[in-house]
Amino acid sequence: LQGQAMRAGLLSFQCPLCRDRQEFLVQMFVMGIRVPFRLPTWEDNDAFADLGERHSQCNARECLYPGGREEAEEEGPWELLLCSSCAAEGTHRRCSGLTNCIESWECDNC
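Here UniProt numbering is used: position 57 in the sequence shown is 57, and no number is missing along the way.
Think of the hints as simulated: they come from the structure by calculation, not from any bench.
Note that the coordinates shown come from a computational prediction; the quantities given were computed from them, not determined experimentally.
Each hint should be verified, as a subset may be incorrect.
The calculated label-pair distances, taken between Cβ atoms and stated as ranges, are [claimed, not checked]: (1) F29 <-> D108: 54 to 60 Å; (2) A88 <-> Q27: 42 to 48 Å; (3) N100 <-> E62: 17 to 23 Å.
We put the beta carbon where it would ideally sit given N, CA and C, even for glycine.
With the hints as extra help, turn the sequences into a complete structure.
Right, dumping it as structure tokens:
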């Protein structure tokens, strides 16, 4: 419980069974569990910053772009399209044989 208290901080520490905060905090203080007055550790240091990043590489079996899988252009044959279902994979138009008039693409996994 002390580890949970240290990670959760005063604002998020609660009973793991019933989610009560008030009575649970009182009982924890009586038992000697220290709860720091701070934000939870999962909100520190941009812990979820990666979730805001867009997928940015070509996942085609053979990437044909001279600049490599990590590079793309804004439009045209080297535009990177993300899977319209999961957005977890991408492809350059030319690497998957897609014309400029095709607006969406779906990866093999979807």
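Here is what the structure says about each hint:
| no. | hint | verdict |
| --- | --- | --- |
| 1 | F29 <-> D108: 54 to 60 Å | 55 Å, holds |
| 2 | A88 <-> Q27: 42 to 48 Å | 44 Å, holds |
| 3 | N100 <-> E62: 17 to 23 Å | 21 Å, holds |
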